[in-house]
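Engineer: Residue strings, one per chain:
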Amino acid sequence: MFIINAQISEKIELGHNIFLFKMFCPEIASSAEPGQFLNLRINETYFPLLRRPFSVCDISGDHFYILFSPFGEGTKQLAKKSVGDNIDTHGPLGKGFNYKGEYETAVIVAGGLGSAPFPFVTRKINNKKDIISFVGGRSQKDVITYGMENVSTSTDDGSEGFEGTVVDLLETKVDELKSKNVKVFGCGPTPMLKALQSFCSKNNFDCEISTECAMACGFGICQGCPIEQTEYKDQYLLVCSDGPVFNAKDVVL
Amino acid sequence: MFIINAQISEKIELGHNIFLFKMFCPEIASSAEPGQFLNLRINETYFPLLRRPFSVCDISGDHFYILFSPFGEGTKQLAKKSVGDNIDTHGPLGKGFNYKGEYETAVIVAGGLGSAPFPFVTRKINNKKDIISFVGGRSQKDVITYGMENVSTSTDDGSEGFEGTVVDLLETKVDELKSKNVKVFGCGPTPMLKALQSFCSKNNFDCEISTECAMACGFGICQGCPIEQTEYKDQYLLVCSDGPVFNAKDVVL
Amino acid sequence: MSKVDMSVQVGPLKLRNPVMLASGCVGYGNEISEYTDLNTIGGIVTKSISLKPRKGNPPQRIVETTGGMLNAIGLTNVGVEEFVNSKIPFLKKFDVPVICNIAASTVKEYVECTQILTTEETIKAFEINVSCPNVREGGLQFGNNVKEVGKVTGKVRAVTEKPLIIKLSPNVSYISEFAKVVKKEGGDAVSAINTLMGTAFDINTRKPKIQNVNGGLSGPAIKPVAMAKVLEISRNVDIPVIGIGGIMSWKDVIEFMIVGSSAVQIGTLNFIDPSAPGRIVKELEDYCAQNGMTRISDLTASYVID
Amino acid sequence: MSKVDMSVQVGPLKLRNPVMLASGCVGYGNEISEYTDLNTIGGIVTKSISLKPRKGNPPQRIVETTGGMLNAIGLTNVGVEEFVNSKIPFLKKFDVPVICNIAASTVKEYVECTQILTTEETIKAFEINVSCPNVREGGLQFGNNVKEVGKVTGKVRAVTEKPLIIKLSPNVSYISEFAKVVKKEGGDAVSAINTLMGTAFDINTRKPKIQNVNGGLSGPAIKPVAMAKVLEISRNVDIPVIGIGGIMSWKDVIEFMIVGSSAVQIGTLNFIDPSAPGRIVKELEDYCAQNGMTRISDLTASYVID
Ligand SMILES: Cc1cc2nc3c(=O)[nH]c(=O)nc-3n(C[C@H](O)[C@H](O)[C@H](O)COP(=O)(O)OP(=O)(O)OC[C@H]3O[C@@H](n4cnc5c(N)ncnc54)[C@H](O)[C@@H]3O)c2cc1C
Ligand SMILES: Cc1cc2nc3c(=O)[nH]c(=O)nc-3n(C[C@H](O)[C@H](O)[C@H](O)COP(=O)(O)OP(=O)(O)OC[C@H]3O[C@@H](n4cnc5c(N)ncnc54)[C@H](O)[C@@H]3O)c2cc1C
Ligand SMILES: Cc1cc2nc3c(=O)[nH]c(=O)nc-3n(C[C@H](O)[C@H](O)[C@H](O)COP(=O)(O)O)c2cc1C
Ligand SMILES: Cc1cc2nc3c(=O)[nH]c(=O)nc-3n(C[C@H](O)[C@H](O)[C@H](O)COP(=O)(O)O)c2cc1C
Ligand code: FES
Ligand code: FES
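Residue numbers (this note's numbering), protein chains in the order written: chain A, 1 to 253; chain B, 254 to 506; chain C, 507 to 812; chain D, 813 to 1118.
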């Protein structure tokens, strides 16, 4: 784990208010795993005070990518940064996706900004397993398919792809999925992850989800990010250090 | 008085860590008087929380100038701004120099960043009265003579001009000054203003000084900036609205 | 957009909207009236008035801290007489409820002040400042002592029929105990909070940055503390609360109302942007309209706690 | 540059330098040891330990505020037994004074915990947390009640010879009253301050942003309040103070020492920059050397007040 300056080397606007930053940082680029995250100090002042977590979106050579949308104070300030600016970065942090296993087909399920970790996951799995990706959003502009393979889309308002949630879309493909030896990888808002969790449980699909929680430290020292366990109720797990990726069976959302 | 965006149209580095910003703002440019100040909101966040006061350094057409040195949090952030950036500006505020009067020769005395208001004062007086300027600093790099006329300099370490304080320098010219009908205009650190005050009192020179005080509001509503009166001891004056310029006879430093 | 009823009731005091200007942060209204039309705001609370004029503390009185500021003004004010003669006439020109804030060093002085001022028609209510942390003789002991606060409330109540608001100190363990005694002694409402006690030192001179050593902390830094105090009162005592502390936007006003405020006061923000109060009133109205609310007062104590 | 004596004495407890890591902000030292060499800091205070393991509060436990953060962890901890079995062995590997922080709901539980742990050689001192604002049964009533704090101090004193530090609540009017009773009952030092009580609400859901409703405010926003509390104790009670609250840099450490701290603790800053404590130690040493100081402890209570 590093606390290190990463320099913005490219600033790409992927779509309406969706930013992709390419950051130069060999240390992180060479050590990050898919599903891990980086905790960024937005600036040197105390506004915002705490770091902000972002998934490792992708890695290429000495660079890592992050993908985000200006939303609150921190992400708004981040969006205003320019090429050449340095950002104090803590990471790679947390436990990522267990993408290696025995399965044949990776089923990627992303909602909104939940697409962020999947370009890197896709790059790692590609050519080793089949990939089917399902990407949902509220509306067309919220559907982020950057860096993903074999994509079907859904929108709540029907402005693109299937009309309904991404898990509704998944339901329509359940027979096809059942015919394969799949492993599901999900990331998105908690209600979506809940739906995905019960969909996978019902259909007995192995499923890993990347969860979110307000964080203070991002590396296990503040106890700020508890998540309830399915089995062992006496103790929470920590999203930042036991996760953010968990097997869907192990946690209560 | 306005609360209005002023846009940086030029950013000049006058010397080692001394900045001159040219700001586009017709409303302020057309209404400011020499010795008044502007209260700048450094950014939209609460870091820093309060505005920061800067003298109107000069006016030209639709522009005003400010002169400053990165020093604390606010001025450091200000120094990082770029041409094109807007700065939320409150002003013009306070009472400026009474430069019109009956005198023949204006004697300008500035210490360090106390030079800030004098380019504008000089522009206003020039061609109407004689001007003699005395500019002091700790060392050569602290002597700011920008926009001033007929300048003698002093430094504490003797690295430029007279070796000693600017008031020491003034002392050496006392006979010459006494032979004229002078009015003294001073701005600089409080110890310098004190020395100037007693110098002028001793020699019976009419003298106006621009004072400094920590401020919260800058326009008379917080009572944060008191200055003791010479005569009427029951009540303070306010630096921001009764000043910042006072007749040296009227206030206790 | 439908018309929203922006008026609120703080006990017997009716305001056209919940946004008031806090004591000590708008002087006597003159300067701020150039930036915010006083006819559009809910009310203005004057700088604390005492029986005799007060010079206040020597400089330095102000220092900025992270997300806040310390002040030790020392209740500089013109005194009751000058207030009546020169400040009230200005405020009379506006159609805005004037709440007169009173500070004193003894119960007797609080009573005398109120007695003199209660006949002034322009004054629509009193706010009794029992909580100024910067005056050595008075203030602190009152504000942190339940019995004294009760006594001041009762005695002042006896000499005025006008709405009586007690402004509470946050530098106590259980602020609701103070709100309880205010209610018991006939107070109509409480204001919460005044500033938190704080200090800052210069590491080179080793001297306090403000001459009075301690000052009162205000600004967004204290908002979470102020919110908790308002909520504590709201959950434990049936008395209207005026929420104060670190309000910087219309969102903060809503948040303060949700935890129990009937109205709010804006302090430090006026120094940074004196046009903010007027703008916030408009933004609140837009918010209510957009959310299909008919009365802003429905927000008061609308918190949802499992 | 001449060699500076960086050591400080907190009552009977000698530290190699004044920079300690605050309870609850460094877990049990494992994670932070990757960023700051524990052998270089003054001391580490463990997360509050209770007799039995505690699950703590449900999420959301954290929310950021202006210049600060609210937390309501709820004293999540592994309990005394697991602490001894699995956490102490790790800390044993370092040459750093371990101060064991204890939290409990009853005086009896404080005593039992201390009794069990006092035999652990690795533990060099106890810090008794009488001031956690997030635990409903315990904590608050102790911390805001002078008698209870006195009682806890006396009873715990009776069962340990090790240096005994009481960590005080800031949510009181006169913190020096608490320091006085600690001294009287045989406590060796006080830590000031724990977090301020605060809250924040979501204006859309109208629910508290943290599940526990109230949380503890920490970070630079509270520094002026913490400074005033330390100064109050230092001016009124002859007992060593460990200053805590919003320290973000070496300058803040100096400021806390000037107003009376013998040592300090760093909390929230660890979350933002876990390498800061080690760096601050170096920066302090440079500052002292550059200013021709021979002993950093000379800074303690070196304030100049006219
Ligand atoms: C492990 C992890 C990985 C993440 N990866 C990405 C990513 O790749 N791209 C991306 O855009 N975002 C990502 N996020 C979310 C991102 O961290 C938040 O959007 C960001 O912290 C918001 O900061 P802000 O200052 O803009 O908003 P703030 O001003 O901090 O927040 C605005 C509002 O949103 C709420 N909020 C803030 N963060 C969260 C959260 N995590 N969950 C729920 N509510 C929240 C706040 O309470 C507040 O009410 C990730 C979060 C986690 C925990
Ligand atoms: C009427 C007026 C006109 C001014 N004009 C100019 C100008 O033209 N150019 C210029 O460079 N500066 C000017 N100043 C001073 C300028 O406002 C301060 O330098 C600035 O506020 C510092 O802000 P900062 O955030 O950089 O420093 P901060 O971080 O706020 O301050 C750093 C340290 O300096 C102290 N400090 C801050 N301001 C003052 C002050 N005014 N007096 C004494 N100590 C202070 C603080 O207490 C703190 O300890 C003027 C001040 C006044 C009152
Ligand atoms: C400079 C200043 C002066 C103040 N003077 C008074 C006063 O005279 N009487 C009073 O009751 N409160 C006074 N206050 C307290 C404010 O009215 C308010 O309670 C406090 O500042 C918190 O609100 P804020 O965070 O919005 O500023 C003063 C506050 C400041 C900052
Ligand atoms: C997330 C968090 C958890 C904390 N847990 C404890 C604790 O278990 N015991 C305790 O005595 N103090 C606890 N504290 C209080 C800190 O030790 C410290 O007193 C406080 O945070 C102020 O210091 P700071 O502003 O440097 O963070 C905790 C603080 C935070 C932010
Ligand atoms: S965010 Fe601090 S422990 Fe997870
Ligand atoms: S700075 Fe507020 S009155 Fe002068």
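Just to be clear, a hint being listed does not mean it is correct.
[Claimed, not checked] A few chain B positions that, by computed beta-carbon distances, are all more than 12 Å from chain C:
| id | residue |
| --- | --- |
| 1 | S262 |
| 2 | D428 |
| 3 | N457 |
| 4 | I480 |
| 5 | D487 |
[Stated by the list, open to error] Partial pick of chain D residues on the chain A-facing surface, computed with a CB cut under 7 Å:
| id | residue |
| --- | --- |
| 6 | I874 |
| 7 | E876 |
| 8 | G1031 |
| 9 | R1091 |
| 10 | N1103 |
| 11 | G1104 |
| 12 | T1106 |
| 13 | R1107 |
| 14 | D1110 |
| 15 | A1113 |
Keep in mind that the hints were calculated from the coordinates and are not lab data. We put the CB at the ideal spot given by N, CA and C, even for glycine.
Engineer: Using Cβ atoms only, decide whether A1113(D) comes closer than 7 Å to chain A, and label the hint accordingly.
Structural biologist: violated (28 Å)
Engineer: Run the C-beta distances from N457(B) to all of chain C and say if the shortest one exceeds 12 Å.
Structural biologist: N457(B) clear of chain C: closest Cβ-Cβ about 28 Å, beyond 12 Å.
Engineer: Using 7 Å as the Cβ threshold, decide whether R1091(D) counts as touching chain A.
Structural biologist: Nearest chain A Cβ about 11 Å off; hint violated.
Engineer: Does the CB of E876(D) sit less than 7 Å away from some CB of chain A?
Structural biologist: holds (5 Å)
Engineer: Report holds or violated for the interface hint on T1106(D), using the least CB-CB distance to chain A and a cut-off of 7 Å.
Structural biologist: violated (33 Å)
Engineer: Hint G1104(D) vs chain A: min CB-CB distance below 7 Å?
Structural biologist: Given a least distance of 30 Å, the restraint on G1104(D) is violated.
Engineer: Hint check: is the beta carbon of I874(D) less than 7 Å from a beta carbon of chain A?
Structural biologist: This interface hint holds because 4 Å falls under the 7 Å limit.
Engineer: Against chain C, does I480(B) keep a CB gap of more than 12 Å to every residue?
Structural biologist: Violated: least Cβ distance 7 Å, not greater than 12 Å.
Engineer: Confirm or reject: S262(B) is not an interface residue toward chain C, with every Cβ-Cβ distance exceeding 12 Å.
Structural biologist: holds (24 Å)
Engineer: Could you check that no beta carbon of chain C comes within 12 Å of the beta carbon of D428(B)?
Structural biologist: holds (37 Å)
Engineer: For the restraint on G1031(D), tell me whether the closest CB of chain A is nearer than 7 Å.
Structural biologist: With Cβ-Cβ at 6 Å, under 7 Å, it holds.
Engineer: Next item in the hint list is N1103(D). Is there a CB on chain A closer than 7 Å to its CB?
Structural biologist: Constraint on N1103(D) not satisfied, violated at 25 Å.
Violated hints, in rising order: 4, 5, 9, 10, 11, 12, 13, 14 and 15; the structure is consistent with all others.
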